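Chains as they are written, first to last, in the working numbering: chain A, 3 to 252; chain B, 3 to 252.
No lab work stands behind these hints: they were computed from the structure. Treat the numbers as computed from the prediction; the structure is a model and nothing was measured. Backbone N, C-alpha and C define an ideal beta-carbon position, used for all residues, glycine too. Please note that the accuracy of each hint is not assured.
Said to hold, decoys possible - Chain A is nowhere near these chain B residues, computed Cβ spacing over 10 Å in every case:
#1 Gln21
#2 Pro27
#3 His58
#4 Glu79
#5 Thr109
#6 Thr125
#7 Ala224
Claimed, not checked - Quick list of simulated restraints, FRET-style, between CB atoms:
#8 Asp227/B / Val243/A: 44 to 52 Å
#9 Glu221/B / Val243/A: 42 to 50 Å
#10 Asp183/A / Ala55/B: 26 to 34 Å
#11 Gln165/B / Gly42/A: 50 to 58 Å
#12 Asn234/A / Glu221/B: 56 to 64 Å
#13 Val162/B / Ala177/A: 46 to 54 Å
#14 Ala135/B / Phe38/A: 36 to 44 Å
#15 Glu221/B / His48/A: 38 to 46 Å
#16 Ala94/B / Gln148/A: 30 to 38 Å
#17 Asp35/B / Gly182/A: 26 to 34 Å
To be verified - Going by beta-carbon spacing under 7 Å, a handful of chain B positions derived as facing chain A:
#18 Phe12
#19 Asp96
#20 Ala122
#21 Pro123
#22 Leu126
#23 Arg128
#24 Val151
#25 Gly212
Number of protein chains: 2
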Amino acid sequence: MTRYALTIEFDGGPFMGLQRQAHGPSIQQAIEDAAFTVTGERTVMHAAGRTDAGVHGLGMRAHLDVTKPFDAFRLMEALNARLRPAPVAVLACDVVPDDWHARFSCTGRAYIYRIANRRAPLTLERGKAWQVAKPLDAQAMHRSAQALVGRHDFTTFRSVHCQSASPLKTLDRLAVRREGDMVLIEAEARSFLHHQVRSMVGCLALVGMGRWREEQVAEALAARDRQTLGLNAPPDGLYFVRATYPEDRP
Amino acid sequence: MTRYALTIEFDGGPFMGLQRQAHGPSIQQAIEDAAFTVTGERTVMHAAGRTDAGVHGLGMRAHLDVTKPFDAFRLMEALNARLRPAPVAVLACDVVPDDWHARFSCTGRAYIYRIANRRAPLTLERGKAWQVAKPLDAQAMHRSAQALVGRHDFTTFRSVHCQSASPLKTLDRLAVRREGDMVLIEAEARSFLHHQVRSMVGCLALVGMGRWREEQVAEALAARDRQTLGLNAPPDGLYFVRATYPEDRP
């Protein structure tokens, strides 16, 4: 048995999410089906994170085990050939030790959220960003975001469907910046609660629009009450950027 | 009668091209139909450039005449509301003098061509870039491109369907640079022949792959023969970026 670590890019638009689901297509199913066609073996893919329907991946990490020996590069090429026309691609494939686990060995996860801050409807970016017509004050968003950095009870920013044992998480970074008409929000943590990034982005957008005072983000956090959540941002603008592992070179 | 200048963004994927066509949807038809719904008037849209099926627009300029008086901002909002769900959006709308003409007053046109230089199939960028698996030498492409800058007979880089009276054009700028795995080619001229940008990009890509010597671009130009064209790049990577007019502020 050989364990292969994959780096995966995907357009989340046509999928119900990363994880295999009974009621619709998933990234996991696309990869596992491609792997079966290539290897003749049924294998289960484990990924660094779960993503919701419509959420995209730039550098998702995952692993799968194959009994027959394959050259890692040839396996990647064969998977990509079989994944067409699904908008899922394997960017890298490496042999890793048997105890390397894409989910459990992962020590850091990074997301980016893209807000298209403009009046005109989206065309080329449709499904790839959240369009917010009202002008956003990105600096105010960044300032208010800093109240969320650190170890906190993120109950306010957690989906009712969240399966995490605890609402306590340590947010390492939450940075907001403007690039032209795009407002970009970067979030980094060891792990996130279900809907945490979208919930944080939704509240920051309210601050950016002037509908929330900057202090309201900290107040919502302190309330530890989902009812105080202002807004859950749509999945379109969310991208899983990278997963980091202890052995990664700096 | 009032003349309105529009700045238009579009995803060219679902269209047969910018210009109205008998056999399929066009950007022109989408805008004219939206204008009819808004104004009750049949009007003809004139654009700064024509684009082929699959070619995108970031800042296409166009104009249309309306008899009923409309506030320019409200006209833009109404057009955008009616354009949905077509991936066409009006980014700006201004009243201009009656002798301002989107096509004939235009003194400069700029395109960008995006090559995704990677082995993995495209996912999020599908239809939005040309995927070239073989590593490209962007510096060699830039050097060989300089032979095309200036006033030349561009017969080699001209579609057989080109309707221009003369193959003589003055290319003001052709610059190639790499940004990560994207190779970006910017082209600027007063006007271009049909397929000129895609034909130039195709030959530059051959140089980038090492299949053409750098001098072959100049030789192909000098041959003034379409048969010497190496490759016509696909429409997916081509974007009309902007049109400039004498009265534009610098």
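Status of the hints after comparison with the structure:
no., hint, in the structure
1, Gln21, "holds (18 Å)"
2, Pro27, "holds (14 Å)"
3, His58, "violated (6 Å)"
4, Glu79, "violated (7 Å)"
5, Thr109, "holds (25 Å)"
6, Thr125, "violated (4 Å)"
7, Ala224, "holds (37 Å)"
8, Asp227/B / Val243/A: 44 to 52 Å, "holds (48 Å)"
9, Glu221/B / Val243/A: 42 to 50 Å, "holds (44 Å)"
10, Asp183/A / Ala55/B: 26 to 34 Å, "holds (27 Å)"
11, Gln165/B / Gly42/A: 50 to 58 Å, "holds (56 Å)"
12, Asn234/A / Glu221/B: 56 to 64 Å, "holds (59 Å)"
13, Val162/B / Ala177/A: 46 to 54 Å, "holds (52 Å)"
14, Ala135/B / Phe38/A: 36 to 44 Å, "violated (25 Å)"
15, Glu221/B / His48/A: 38 to 46 Å, "violated (54 Å)"
16, Ala94/B / Gln148/A: 30 to 38 Å, "holds (35 Å)"
17, Asp35/B / Gly182/A: 26 to 34 Å, "holds (30 Å)"
18, Phe12, "holds (5 Å)"
19, Asp96, "violated (14 Å)"
20, Ala122, "holds (4 Å)"
21, Pro123, "holds (5 Å)"
22, Leu126, "holds (5 Å)"
23, Arg128, "holds (6 Å)"
24, Val151, "violated (28 Å)"
25, Gly212, "violated (21 Å)"
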